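Order-wise, the sequence lines are chains L and R. Every letter in the first sequence is one number past the one before it in the working numbering, and letter 85, counting from 1, is 81. In the working numbering, each residue's number is its place in the second sequence (first place is 1) plus 1296.
It should be emphasised that the hints constitute simulated quantities derived from the structure, not laboratory data. Please read all numbers here as calculations on a predicted model, not as lab measurements. Please note: incorrect hints may appear among the correct ones.
Which residues of chain L face chain R? A partial, calculated answer using Cβ under 10 Å [claimed, not checked]:
#1 Leu1
#2 Ala17
#3 Glu67
#4 Phe77
#5 Asn79
#6 Arg86
From the derived model, a few chain R residues whose C-beta atoms are all more than 10 Å from chain L [what the hints assert, rightly or not]:
#7 Asn1340
#8 Arg1405
#9 Ser1430
#10 Leu1433
#11 Phe1689
Think of the CB as a built atom: it goes at the ideal place given N, C-alpha and C, for glycine as much as any other residue.
Each chain is listed here by its residues.
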Amino acid sequence: MTTELPKVNIDEKLGYLTYKADHQTHITIEKPEVCSEQCREKPCASICPAQVYRWEEAQNKVIVSFENCIECGACRMLCPFFNIKCHWPRGGFGVQYRYG
Amino acid sequence: MADDKFDAIVVGAGPAGVSAALVMARAGLNVVLLERGEYPGAKNVQGAVLYTKMLDDLIPGFWKSPDSPMERHVTEQRFWILSKDAAAQAGFKSDRWAREPHNCYTIIRTNFDRWFSKKAEEAGAQLFSGVTVSDVLKKDGRVVGIKTSEGDELFADVVIACDGVNSMLAQQVGLMDEWKADEVALGVKEILEMPKEKIEDRFCLENGEGTTIEMFGDVTQGMLGYAFLYTNKESLSIGVGCKLSHYQKSRVRPYDLMEYVKKHPILRRLIAGSKTVEYSSHLIPEGGYNSMPPLYTDGFLVAGDAAQMVNAAHREGSNFAMTAGQLAGETVIEAKKAGDFSSKTLSLYRKKMESTYILKDLFDHRELENSAERHMPLVQQGPDLLCESLYDFFHVDGLPKRVGYERILDRGLKNKAVHEALWKEMNVRNIVTGLKYGLMAGKKWLGGR
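With the hints as extra help, turn the sequences into a complete structure.
Structure below.
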């Protein structure tokens, strides 16, 4: 399939959402060196539906914007090296769907 | 709430958890229901279609209540197969579905979950929202309670894990490992606001009727999955879900795909003039029967998405969760009577499940995804083939009809995916099975004469 898909600005979509922000992250990359040295594809950066993960070439690492997370849980299974530890945010924190 | 001992702790105030809490509270058990969202529904996403029967079993005649959170009763189900610029459409509309009890309703999950959890509270269950369970507490090998992310400990005779598709609890207890990317689908969804009159005009609806559309083909860009469009009272739910393992391969961004679906020439006319009010995403357990964990262990039960109770082929899941929650609750009531919460008594839950539609349906559909996976070229090319064939069939271009028919035949017979699928299925097992069913049907037919 070679159809060109529209390029979406995810910030616009996330702008519809309400979050109760926590200062502490619920997502950790266990071994950052695995991302830079072993992982070529970086599926987290393309498939996370909230673009929580961005590959920063300049810093040679994956930047995690945990505050954007909409808690689908896909990243844990998506990472070919099971290098992402995504727990639930603490009680009451995180995304708050108004429709769901 | 520390230092308390309950009869049961239910983790997750979704359809499974609330159902379990409701039946146990009604039987007089001391039940606590924990929800990690600030309110029930805050973390939940569903299409959403809710089937009447299973909720009616728990709350008889719920749709008659003035505070019923149902959006529209579904009177029409459409099924579309899309190419890039066309759609082969099938559908079913029934006036019988316009009469009570309706077959199913569209719902908005946050409204539904709040309403449903209130029913459990009214029955006597204690609901605590904004509580994330981080650990399961064990003693002598059996589950005895939970620990929250804030460090509080709660104890009970039994813990029922209804914590959804990412069931951390069932994993902690050791009933299962992390699911794999080919056992779940990733869904993205938007709620589009639209005035009631516009929805009813556009979809030919009256008196609170609703339409659902499931769409296959081009909208998943070669991945296994489907898109949907459901009518709510004053909004539309539009979304697309595909296997996570296929996303891994295609590298498609889910929100780009969502936008592509919304801009599809056949679909965009239906949603024109609407306004997005929410974007959401969730995993859907689609491993089915083969991926189900054991449903119980000492002092512990699992129900709903947490145990892969979804029949993706029939978009059923929340109804499975309600029935499973109910059966889990009933099992605990009997365990309480017996004064024994060991896996021996709790195995009753599995027996109850076996006697319902849930395990039968999951068992019957257990190979569906695998067979679709075996025929991905056909899944990918079939929709175009079908739409092109229908184009040739209906299009009038001054040539004799036989030219069009020949084109259709040629295209079908020369298609590699069709060849491949036929060859793959031409094996001894399938031929024998085919003959067997053929003979059985023949015998029935002859016997009936």
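Hint check:
1. Leu1: With a minimum Cβ separation of about 4 Å from chain R (threshold 10 Å), the hint on Leu1(L) holds.
2. Ala17: 12 Å, violated
3. Glu67: 6 Å, holds
4. Phe77: 13 Å, violated
5. Asn79: 13 Å, violated
6. Arg86: Result: holds, 5 Å to nearest chain R Cβ.
7. Asn1340: Check fails; 5 Å does not lie beyond 10 Å.
8. Arg1405: 4 Å, violated
9. Ser1430: 7 Å, violated
10. Leu1433: 17 Å, holds
11. Phe1689: The assertion about Phe1689(R) holds, with a minimum of 25 Å to chain L.
When each numbered hint is compared with the structure, violations occur for hints 2, 4, 5, 7, 8, 9.
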